[in-house]
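Undergrad: With the hints as your guide, set chain A onto chain Y.
Spelled out from the first residue to the last, the chains are:
There are 2 protein chains.
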Amino acid sequence: MFCSNCGSNSIQEKKPDGDTHFRKVCSACDNIIYENPKVVVGSVCTYENKFLMCKRAIDPQKGLWTLPAGYLENNESVEEGAIREAYEEAYAKIKINSLLAIYSLKHVEQVQILFHSKLVDLNIKPGIESLEVGLFEWNEIHWDSIAFPSVVWALNNFKERQNLDTFKVYKNPI
Amino acid sequence: MFCSNCGSNSIQEKKPDGDTHFRKVCSACDNIIYENPKVVVGSVCTYENKFLMCKRAIDPQKGLWTLPAGYLENNESVEEGAIREAYEEAYAKIKINSLLAIYSLKHVEQVQILFHSKLVDLNIKPGIESLEVGLFEWNEIHWDSIAFPSVVWALNNFKERQNLDTFKVYKNPI
Numbered sequence: 547m548f549c550s551n552c553g554s555n556s557i558q559e560k561k562p563d564g565d566t567h568f569r570k571v572c573s574a575c576d577n578i579i580y581e582n583p584k585v586v587v588g589s590v591c592t593y594e595n596k597f598l599m600c601k602r603a604i605d606p607q608k609g610l611w612t613l614p615a616g617y618l619e620n621n622e623s624v625e626e627g628a629i630r631e632a633y634e635e636a637y638a639k640i641k642i643n644s645l646l647a648i649y650s651l652k653h654v655e656q657v658q659i660l661f662h663s664k665l666v667d668l669n670i671k672p673g674i675e676s677l678e679v680g681l682f683e684w685n686e687i688h689w690d691s692i693a694f695p696s697v698v699w700a701l702n703n704f705k706e707r708q709n710l711d712t713f714k715v716y717k718n719p720i
Numbered sequence: 547m548f549c550s551n552c553g554s555n556s557i558q559e560k561k562p563d564g565d566t567h568f569r570k571v572c573s574a575c576d577n578i579i580y581e582n583p584k585v586v587v588g589s590v591c592t593y594e595n596k597f598l599m600c601k602r603a604i605d606p607q608k609g610l611w612t613l614p615a616g617y618l619e620n621n622e623s624v625e626e627g628a629i630r631e632a633y634e635e636a637y638a639k640i641k642i643n644s645l646l647a648i649y650s651l652k653h654v655e656q657v658q659i660l661f662h663s664k665l666v667d668l669n670i671k672p673g674i675e676s677l678e679v680g681l682f683e684w685n686e687i688h689w690d691s692i693a694f695p696s697v698v699w700a701l702n703n704f705k706e707r708q709n710l711d712t713f714k715v716y717k718n719p720i
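From first to last, the protein sequence lines are chains Y and A.
In this text, residue positions in the first sequence follow the working numbering: the first is 547, and each later residue adds one.
In this text, residue positions in the second sequence follow the working numbering: the first is 547, and each later residue adds one.
With the rest of the complex left out, here is chain Y:
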């Protein structure tokens, strides 16, 4: 690894003054390289009693089914990011309904912020990151070919919340 500030390769793990964590610090220029979790935004997108699912065209988990979701970019809100991802992956125009869940996925250094959204019209088709996209009733979802555990969590959380009298935002299952 090289320092992005000076190009030196003399990077060492140490605890900077006043810091509580070990960081990657450049011994040549003292630049501190902070590494933090990234934000993934997406949605459980429904149309009547159907769910929008996307079959991944890229690794990881190519060929398996997921929700429209991806990394939040600079210069967009979390809601705008979820809307963009639905369009990029399925050309889906969606309206954000409400926040559904925040999952902290420590092992992959991600925070996933997932909404419930509604599909505006039926004009969907695969984007460049999808092999196939479709609307599925609950029992038609390809449960045996889901890309990531958090996809199952989000779908189940949505289903559970439909039966509650109150609003709720979910976190990782224990």
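The hints are simulated quantities; they were obtained by calculation from the structure and are not laboratory data.
For chains that are exact copies, the list does not tell them apart, and a pair is met inside one copy or across any two.
Once the Cα atoms are required to be at most 25 Å apart in a straight line, the calculated SDA-like pairs of lysine to any residue come out as:
| # | residue 1 | residue 2 |
| --- | --- | --- |
| 1 | LYS561 | ILE604 |
| 2 | LYS608 | ASP690 |
| 3 | LYS561 | SER550 |
| 4 | LYS561 | LYS608 |
| 5 | LYS639 | ILE692 |
TA: Quick look at chain A alone, frame taken from chain Y:
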């Protein structure tokens, strides 16, 4: 800026194949440098009818008052991060009560995830990043010396939610 993968300084803005965004790409080794928003976690921390506030010992906004909050680290959940920040900034032991708000601060490339927490006991004192910490009734808060707009948003959102019959999670004011 230098490439963290090869140390070259030939980094150019271009749109990688299959990407929808311009990125910093190393012309020497094709490494793509992704830049994404960071997550700030923290809480409106209450003890009876009082609010925990911290006077900043560091820039930006040194000498002004804020909530216990800071950057989420790898290997912690958003809740764990909010608990850690309260301890680092005020030696405060807190219990997370509920999610309060998600603010997308595009201009500083942050997503702030703020909870309501409860202070467990009155043993608080300034951490290394605080000049002073204290518990303030609503009208005692140093409203004229607040460090960041989102501190005011979060306090107001908390106050507003106290008068609601339902759970609600806030976003940026319009």
